[in-house]
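Participant: Residues per chain, in single letters:
There are 2 protein chains.
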Amino acid sequence: MQTLPDWMAAVKFDQQGLVPVIAQDELTGRILMVAWANREALLETARSGHAVYFSRSRQRLWRKGESSGHTQIVKEIRLDCDGDVVLLIVSQIGDIACHTGRQSCFYRQLKQIDGTMQWQSVDPVLKDPDDIYK
Amino acid sequence: MQTLPDWMAAVKFDQQGLVPVIAQDELTGRILMVAWANREALLETARSGHAVYFSRSRQRLWRKGESSGHTQIVKEIRLDCDGDVVLLIVSQIGDIACHTGRQSCFYRQLKQIDGTMQWQSVDPVLKDPDDIYK
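Top to bottom, those sequences are chains R and B. Residue 15 in full-length UniProt numbering sits at position 15 of the first sequence; the count goes up by one each step and never skips. Residue 31 in full-length UniProt numbering sits at position 31 of the second sequence; the count goes up by one each step and never skips.
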C-alpha cells in the first residue's frame, strides 16, 4: 500500500475500510450503479482516472470493465457533507454499467400494477450479458 | 409495525435492518443526498409520497424536512439489480437538501490546487443554516 494523500483523510471509511461510491453518467445524469471502494481503490480511481471499486464478494480490487470492457472514465470525484459517500461523475464506455446489460443498475421501479405495488423492470436490456461476458 | 407488503421482500436490508437511499432531483438530475431507511421508513415513503429516512445518529424515523421544511416529494422509487440500494427521484421543496444550506450534500469536489489534490467546495450556500433551523 502506498502512502495515502492528505485528501483521503476527509473520507470516512466504515469499519470494514469501505465507503459507498455512486457512479453517475455525465451526459444523462442517470445514476448508473453503487459499489464500494477501499482506500486503495479510491486512490487508484483518483490517480488513473478510471473507476476502481472493491468487490465485497471477491474481496479484491475491481477495475470496472475488466471483464466487460465497460470501463468508466472519471470526470469528477465528489464527497458528501459528512464524508461517508463518494460520487463519481463518469463517462460510461459502451453505455452499459449493469451486469444485466442495462445502462443502469436501477432499472426496477415500484409501480401500482393490477391494484398492488410491484417492482417493474422499466429499462431495456441493451446487450445480452452472455455477449458481454464471453 | 404494520404488515409488510410483498414488494418489500426484494429489498435487502443490512444486518442493522437498513438500506442506503439516494435522493435525486427530478428536474436537475443532481444527487441531493444519501441517507438510510429501515423497513418502516421505506414503507412510509411509499405510502405517503414523502421521503422518510431512518436517522442513525438519533435512532428514529426522520421525516425529511420535519425541522427545515425542506421536504421531498417522491416521484419514483427505484431499486438496483442486487436490491441493496434504493433510489428516490424527488421534487426537493426549497431546492435545498443539505443541512449546510446547499442544494446537494455533494458540494465538495476533488481538485488539483497549487499542485496538490484537495477537496474544494464548489456549490453555493443558498440559505444560512441558522435561518433554516431556527
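The hints are simulated quantities; they were obtained by calculation from the structure and are not laboratory data. Nothing here was measured: the structure is a model prediction, and the numbers come from that model. Check before you lean on any hint, since a few could be wrong.
Repeated chains share a single entry, so a pair holds when one copy, or any two copies, can fit it.
Stated by the list, open to error - Under the rule of at most 16 Å between Cα atoms (straight-line distance), these lysine to aspartate or glutamate pairs were calculated in the EDC-like manner:
1) Lys111 <-> Asp130
2) Lys127 <-> Asp114
3) Lys111 <-> Asp128
4) Lys134 <-> Asp123
5) Lys134 <-> Glu26
6) Lys134 <-> Asp114
7) Lys127 <-> Glu44
8) Lys111 <-> Asp95
9) Lys111 <-> Asp6
10) Lys127 <-> Asp95
11) Lys134 <-> Asp25
12) Lys12 <-> Asp130
13) Lys75 <-> Asp114
14) Lys111 <-> Glu66
15) Lys75 <-> Glu26
16) Lys111 <-> Asp82
17) Lys12 <-> Glu40
18) Lys127 <-> Asp82
Participant: Hint by hint, say whether it matches the structure.
Facilitator: Status of each hint after checking the structure:
In this homomeric assembly, Lys111 and Asp130 never come within 16 Å of each other (Cα to Cα): the closest approach is 29 Å inside a single copy and 39 Å across copies. Within a single copy, Lys127 and Asp114 get their C-alpha atoms no closer than 30 Å, and across copies no closer than 44 Å, so neither meets the 16 Å cut-off. Proximity of Lys111 and Asp128 under a CA criterion of 16 Å is satisfied in neither setting, with 25 Å inside one chain copy and 38 Å between copies. Neither within a single protomer nor between protomers do Lys134 and Asp123 lie at most 16 Å apart by alpha-carbon distance, with minima of 23 Å and 43 Å respectively.
Taking CA atoms no more than 16 Å apart as the test, Lys134 paired with Glu26 passes in neither setting, with 28 Å inside one copy and 37 Å between copies. Proximity of Lys134 to Asp114 under the C-alpha cut-off of 16 Å is found in neither arrangement, the shortest distances being 39 Å within a copy and 45 Å between copies. Neither within a single protomer nor between protomers do Lys127 and Glu44 lie at most 16 Å apart by alpha-carbon distance, with minima of 29 Å and 36 Å respectively. In this assembly of identical chains, the alpha carbons of Lys111 and Asp95 never lie at most 16 Å apart, being 26 Å within a copy and 26 Å across copies at closest.
For the identical chains of this complex, Lys111 and Asp6 are inter-copy neighbours only, at 12 Å across copies versus 45 Å inside a copy, given an alpha-carbon limit of 16 Å. Only within a single protomer do Lys127 and Asp95 lie at most 16 Å apart by alpha-carbon distance; the minimum there is 10 Å, versus 37 Å between protomers. Neither within a single protomer nor between protomers do Lys134 and Asp25 lie at most 16 Å apart by alpha-carbon distance, with minima of 25 Å and 37 Å respectively. In the homo-oligomer, the alpha carbons of Lys12 and Asp130 never lie at most 16 Å apart, since the shortest distance is 37 Å inside one protomer and 26 Å across protomers.
In this assembly of identical chains, Lys75 and Asp114 lie within 16 Å of each other by CA distance neither inside one copy nor across copies; the values are 43 Å within and 20 Å between. In this assembly of identical chains, the alpha carbons of Lys111 and Glu66 never lie at most 16 Å apart, being 35 Å within a copy and 27 Å across copies at closest. For the homomeric pair Lys75 and Glu26, the shortest alpha-carbon distance inside one copy (8 Å) is at most 16 Å, but the shortest distance between copies (22 Å) is not. For a Cα distance limit of 16 Å, the shortest separation of Lys111 from Asp82 qualifies neither inside one copy, at 32 Å, nor across copies, at 18 Å.
Proximity of Lys12 and Glu40 under a CA criterion of 16 Å is satisfied intra-copy only: 14 Å inside one chain copy versus 27 Å between copies. Proximity of Lys127 and Asp82 under a CA criterion of 16 Å is satisfied in neither setting, with 38 Å inside one chain copy and 19 Å between copies.
The structure is inconsistent with the numbered hints 1, 2, 3, 4, 5, 6, 7, 8, 11, 12, 13, 14, 16 and 18, although it conforms to all the rest.
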